[in-house]
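*Asks:* Chains as they are written, first to last, in my numbering: chain A, 1 to 311; chain B, 1 to 276.
Everything labelled a hint here was simulated from the structure, so no lab data went into it.
Bear in mind the structure is a predicted one, so any value in this text is a computation, not a measurement.
Where a beta carbon is used, it is the ideal one built from N, C-alpha and C, also for glycine.
Some clues are possibly wrong.
Calculated cross-link-like contacts (lysine-lysine; reagent style BS3-like; alpha-carbon spacing at most 30 angstroms) [said to hold, decoys possible]:
no., chain 1, residue 1, chain 2, residue 2
1, A, Lys-209, A, Lys-182
2, A, Lys-209, A, Lys-271
3, A, Lys-156, B, Lys-129
4, A, Lys-239, A, Lys-270
5, A, Lys-156, A, Lys-15
6, A, Lys-22, B, Lys-129
7, B, Lys-129, A, Lys-15
Examples of chain A residues toward chain B, derived with CB under 7 angstroms [stated by the list, open to error]:
no., residue
8, Gln-56
9, Ala-63
10, Glu-87
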Amino acid sequence: MNNIPNRAVMCEVLKEAAARDKSVVALCSDSRGSGSMTSFAEAFPGQFVEVGIAEQNLVSVAAGLASCGKKAFAVSPASFLSTRAYEQCKVDCAYSGMNVKLVGISGGVSYGALGMTHHSAQDIAAMSAIPGMRVYLPSDRHQTRKLFEALLRDDKTAYIRLGRNPVEDVYGEDGAPFEMDKATVLSEGEDVLLVGCGEMVKPVQEAAKRLNEQGVSTGALDMYCVKPLDRAGLLAAAKGKKLVVTVEEHAPFGGLGSMVAQVISANDPKKVICLALPDAPVITGASRQVFDHYGLNAGGIAEAVRAALKG
Amino acid sequence: MNALAVKAYDLRQDVLDIIVSGGGGHIGGDMSCMEIVLALYNRMNVSPDRADDPNRDRFVLSKGHCVETLYAVLADRGFLDINEVKARFSKFGSEYIGHPHNTLPGIEMNSGSLGHGLSVCVGMALAGKMDGRDYRVYTLMGDGELAEGSVWEGFMAAGHYRLDNLCAVIDRNGLQISGSTEDVMAHGDLAARISAFGWHVVEAADGNDIDQVNDAFDEAARVRGRPTAVIAHTVKGKGSSLMENKASWHHHLPTAEEYEIIRRDFARRKEALLHE
Chain A
1 MNNIPNRAVM
11 CEVLKEAAAR
21 DKSVVALCSD
31 SRGSGSMTSF
41 AEAFPGQFVE
51 VGIAEQNLVS
61 VAAGLASCGK
71 KAFAVSPASF
81 LSTRAYEQCK
91 VDCAYSGMNV
101 KLVGISGGVS
111 YGALGMTHHS
121 AQDIAAMSAI
131 PGMRVYLPSD
141 RHQTRKLFEA
151 LLRDDKTAYI
161 RLGRNPVEDV
171 YGEDGAPFEM
181 DKATVLSEGE
191 DVLLVGCGEM
201 VKPVQEAAKR
211 LNEQGVSTGA
221 LDMYCVKPLD
231 RAGLLAAAKG
241 KKLVVTVEEH
251 APFGGLGSMV
261 AQVISANDPK
271 KVICLALPDA
281 PVITGASRQV
291 FDHYGLNAGG
301 IAEAVRAALK
311 G
Chain B
1 MNALAVKAYD
11 LRQDVLDIIV
21 SGGGGHIGGD
31 MSCMEIVLAL
41 YNRMNVSPDR
51 ADDPNRDRFV
61 LSKGHCVETL
71 YAVLADRGFL
81 DINEVKARFS
91 KFGSEYIGHP
101 HNTLPGIEMN
111 SGSLGHGLSV
121 CVGMALAGKM
131 DGRDYRVYTL
141 MGDGELAEGS
151 VWEGFMAAGH
161 YRLDNLCAVI
171 DRNGLQISGS
181 TEDVMAHGDL
191 AARISAFGWH
201 VVEAADGNDI
211 DQVNDAFDEA
221 ARVRGRPTAV
231 IAHTVKGKGS
241 SLMENKASWH
251 HHLPTAEEYE
261 IIRRDFARRK
271 EALLHE
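Okay, chain B solo, but in the shape it has when bound (with noise of 0.2 angstroms):
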């Protein structure tokens, strides 16, 4: 039993309890990213109590829209207070908006519109070797995102520089708000296409295996000379049959039915993880 996986659906209610009292979110690409998100706040060097330290490593959650996943795993991690979050987000006035911002503790820079966090991500890697720091840059993209051309100039500017202090994640849950990527705008072979441009690729083939996701990021980290590009493929609405690989549940606001049902499948797939 790994702990953490546990964990994701712990946060996964927090993350249902936010939406809802929000009264909105992205929920199935906050499903989809849960692993992903929960991993590397479990192994990067950071904490609340030396938010500044130059040598922590970086995050950028370029798919800002999922950010109730990012507050959910920041609480866990001691940067929020979960219950205030739930609380706040998204009332009128609240610092607990819809897209990351940094005036909130363990938040680096904001995002929501897509396709920046790569190359913001770069100019991070770029001041790392400058400094002769050895802090590692991440940074969280939707599959759909990389339609913007942007994102193939961060990666044309990663590869360039050969910066192995980056790591860029995609979350490759297949669908995007019209429908399938592969209809929308197809991406073909991704990896061979980020190959391309210089990288590393690893391939996670389940994306919402905690194990598998950190055999990715161990493999990124002792790759030397390239930036390394973890596409992970994950499950959209991951973790309640209700929302799971449908792109009508991209920003779906449960109804008071449909969140008893997610509820129970959350707690029954914990269940499940805790008897493994």
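Looking at chain A on its own, in the form it has when it is part of the complex (with noise of 0.2 angstroms):
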């Protein structure tokens, strides 16, 4: 069991850029411990700015040093930084053109029951909405470096959600298969295709492998770039499929299953059915137990499809 979680390996990746490049900055706002960021700050004192805990300064000011050259990552956790600071993500970074990294620390459920004031579930729809916003959710530790890696060499602003826990590797040790803003093909099927996103990703892989022994030809794709949505990659995936099937750790409006049900009923019509939390405060417990509960598990995901194929 993999017992890195990807935050620490996003302090990785920037570490190894701010050695070489003056011009990477982080900013925490008093996050740099959730963020796995304190080995940075420590590292790198002229390149990291701490704000305090004033999310909406963060981001302005992670704008301002953008404007004048820096590649700007602010990590914040993801509640915070998606809805409190959420004009200033739309006005002075992706309005105003900027090269700032939104990071949203501990996003979903991660801090589970500390309750719906600390859970994102609203950060794919509400980012997504915003034009020229670009919104990934890393599946594991070997594809958020690809993904950190990848960031670190654009100028355009982005969005990325990462998990509080370690998670366990989608990919082997040899590192993710990965081509920015294409998603990632998990296993080939015939019948039916499982998208997901972020933590859902390993869940999904699963359920896939589960059906596939029990006679449900599935396929499985990782949409770890939910804007700019793979539409190519989904309806090539989707193509010849019975149901689509997403999985998300999100509200059940706006998010991955919205961005493909729109496009597989422009394109390609068929039965799209999307697994997500509820429209409701979750439940009280760790993120494990609460993805249980909904259903959001292996198990679960290979129940909604026999179900759904039934019906």
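Take the two lone chains and join them into the complex the hints point to.
*Replies:* Below, the structure is given as structure tokens:
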């Protein structure tokens, strides 16, 4: 079982970049611990900005730094970054065309029993609705590394959601196959396509494996690039399938499911089932317990597929 | 006679024409901040010939609704063509929209939603410190804008980081769209409030006096170890008795008759300055 959280991988990639490039700057809002950024702050004090518990200021300051040529990575809990500082993300980053990477840590229900104030189940919808804002949810540590290496090479704004806890590897030790803004095919199949993002990719991968073992030919996609959604990759994978099932750690509206359904309904109409968190404060518990409760696990996904195929 | 003081009235006429041509604009605040923006653009190290110079001074119009004054001053400094601005402002498909947009030359950041500019400038000033560049960073805020909580996050951070390359100007005209700032949300002793955040504060008793405004900027440039706020006491609607100190002129579109009165008032004030 992997014990390295994706956020720690982000820090390692940013430290490697900061060592060779003075323009790489990280910002935190009293979030260096939860963002695994303490070692960055210690190693590169001249390239680190602490703003205190002030997310709006965090994002605007990052935009100001970016306007002067810095590659700014603003690292703050996803719940606060994406909603409290939403307008700064919209105006100062996306609308103004600044190279700010907004990293939402402890995303989704990572904070578990801390409740809805600390959950970010709206961030995909909110961020995706901003023109020019890209939205990425990497699945495992290997893909997280590839994604951040790619983000360091571009000069546009993006929102990246990372979970708090280590997640099981989706990809092997030799690294994730990765192409920027292209979904990764996890498995091929004839009848059903599963599409997941972020922490839901591992259960999607396992559900596909189980369904294939049970005779339901199932393909699976890692749609880490929720926006821009890989339309071509999605349509190619969905071709000939009877059913598409999306799985996300997000509210049921405006997220991966909504976007996949838009593309499928307009281009290759077929049944699309969207598995997500409920339109309600989620039940109290650790994230794994929450996922299990709502069927956001391999068994729940497989069950939903079998039910949909019967219906 | 101060040539810039005279020019301020020519540019006020440009602003009036821009607003009438476009069918709307924030005329009251445009008039109160004219001398501030004009003074800044005549002292900042900026030029249309080297718009991307990393050593250039930076300005962010946080009270972005007063973009008409910015357009007039940018045109005067050679960044924009005033005739094009007048012809196209707010027209369908125009690049000259009702708030600053950084696809236009000379504009650093998009603004319009209040309470963003100061924090953006904190980032610009931090970048200057990181890179060892000696440019200065200016933002202009309205006094009504100071009710936005994010402004005080910016004040706090600038004080914390002792950003002496940063100067925040407050267009203290005392009015906002609903009336007096002190009735809507009182600032009380504004200088004391800002000072408490670790800032040096200069008050310009007449923020529509070019010399007083420049004196304040000179003082700000001399201060070390702290950012400086310039509280410029201005007159909303400055330049015509029809508009002065009237909240109702926040974004009033002059009628043809009002246009003539204002135009004549501007001409008279300019004439008086020429004979000072």
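*Asks:* None of the hints should be skipped; say for each whether it holds.
*Replies:* Hint-by-hint comparison with the structure:
no., hint, verdict
1, A/Lys-209 - A/Lys-182, "22 angstroms, holds"
2, A/Lys-209 - A/Lys-271, "21 angstroms, holds"
3, A/Lys-156 - B/Lys-129, "24 angstroms, holds"
4, A/Lys-239 - A/Lys-270, "10 angstroms, holds"
5, A/Lys-156 - A/Lys-15, "20 angstroms, holds"
6, A/Lys-22 - B/Lys-129, "13 angstroms, holds"
7, B/Lys-129 - A/Lys-15, "21 angstroms, holds"
8, Gln-56, "4 angstroms, holds"
9, Ala-63, "6 angstroms, holds"
10, Glu-87, "6 angstroms, holds"
Checked against the numbered hints above, the structure violates none of them.
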